[in-house]
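*Asks:* Heads up: the sequence shown at position 168 corresponds to 174 in the numbering used here, and the numbers run straight through without jumps.
Because the hints were derived from the structure by calculation, they are not lab data. All of these numbers come straight from a predicted model, not from anything done at the bench. Be a bit skeptical, because a hint or two may be false.
As the list claims (entries may be wrong) - Derived DMTMM-like pairs (lysine to aspartate or glutamate); straight-line CA-CA distance at most 25 angstroms:
1. K65 - D145
2. K65 - D224
3. K274 - E228
Claimed, not checked - Computed spacing ranges between beta-carbons, pair by pair:
4. T222 - D242: 18 to 28 angstroms
5. A77 - D56: 20 to 30 angstroms
6. G49 - G78: 22 to 32 angstroms
7. M136 - A45: 18 to 28 angstroms
8. R271 - A171: 47 to 57 angstroms
9. G78 - C119: 26 to 36 angstroms
10. Q244 - P170: 45 to 55 angstroms
In this text, a Cβ means the ideal position worked out from N, Cα and C, and glycines have one as well.
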Amino acid sequence: MDKDLLLRIAEALERLAPAVDHSPMPDAPAFVWQAGQLAVAQGFRPVALDLLAGVASQKAAVLENSQRLAAGHAAHDILLWGARGSGKSALVKSTSVAVQAGGKSLRLVEVSCDDLDSLPDLFALLASDMRPAIVFIDDIGFEQADPRMRHIRSVLDGGLAARPAHVRLYVTANRRHIVPRNLEEQASAINPRDVIDDNLALADRFGLSLGFHTCTQDDWLEMVAGYARYFGVSFDRQEALTWLTQRGARSGRMAWHYAVELAGRAGKTI
7 MDKDLLLRIA EALERLAPAV DHSPMPDAPA FVWQAGQLAV AQGFRPVALD
57 LLAGVASQKA AVLENSQRLA AGHAAHDILL WGARGSGKSA LVKSTSVAVQ
107 AGGKSLRLVE VSCDDLDSLP DLFALLASDM RPAIVFIDDI GFEQADPRMR
157 HIRSVLDGGL AARPAHVRLY VTANRRHIVP RNLEEQASAI NPRDVIDDNL
207 ALADRFGLSL GFHTCTQDDW LEMVAGYARY FGVSFDRQEA LTWLTQRGAR
257 SGRMAWHYAV ELAGRAGKTI
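Produce the complete structure using the sequences and hints provided.
*Replies:* This is the structure:
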């Protein structure tokens, strides 16, 4: 094929592909990575870390790891898994702000599951700026044989798309092993153990795996009480439990929703 024609085809494909912005990162606490572009996260105001109740051990682990990362020390990639609304995402966001408030440089970059293929471009951008960063992938989940599993595994294992040394992945998932388990995986392969090991291999690559479970009634009321003190409002214990029964399972998310209700009644702005 003619070399000029090949050149024109390559240039046309380059124009069609979304350009990756390699300009210096602005000074902001949080960013969103989407379609090869890094944008400052607007309205980023997570709740104070002290307000997250019922997750003391998880909070301590994520905070310590994030402080190590911000200090340039060895730190883990983290998988936060468990019940919906249990505070996984809130903990990641609140921790990043707490570390920043302590005077350390630590940026949070949120990546959608739909943009996992562009992680190498993001890592290339972060590699040019040595400030520590958390790449946050929220609510990740793969079906059986999803090709994106191997891509993420390569990132964690130090493959060609490995994240820079000053960057760590914090990932939330509803499932402990990210990939759903079923009986078919034991019947569909010559060696069923190979299939099971392959599916579990992704979760095994996180240095920290923290479980979040449905909180107790006392924990839930403690969350509500903390929010009420923060907003300067009062609440009735029995009304709070009735409100919860009418709306769903005990979780940090439900505690926050009730706190919003209390603040609204009192004419408070959140």
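*Asks:* All the hints need checking, so say for each whether the structure fits it.
*Replies:* Results for each hint:
no.: 1; hint: K65 - D145; in the structure: 18 angstroms, holds
no.: 2; hint: K65 - D224; in the structure: 18 angstroms, holds
no.: 3; hint: K274 - E228; in the structure: 21 angstroms, holds
no.: 4; hint: T222 - D242: 18 to 28 angstroms; in the structure: 19 angstroms, holds
no.: 5; hint: A77 - D56: 20 to 30 angstroms; in the structure: 22 angstroms, holds
no.: 6; hint: G49 - G78: 22 to 32 angstroms; in the structure: 30 angstroms, holds
no.: 7; hint: M136 - A45: 18 to 28 angstroms; in the structure: 21 angstroms, holds
no.: 8; hint: R271 - A171: 47 to 57 angstroms; in the structure: 49 angstroms, holds
no.: 9; hint: G78 - C119: 26 to 36 angstroms; in the structure: 29 angstroms, holds
no.: 10; hint: Q244 - P170: 45 to 55 angstroms; in the structure: 52 angstroms, holds
When each numbered hint is compared with the structure, no violation occurs for any of them.
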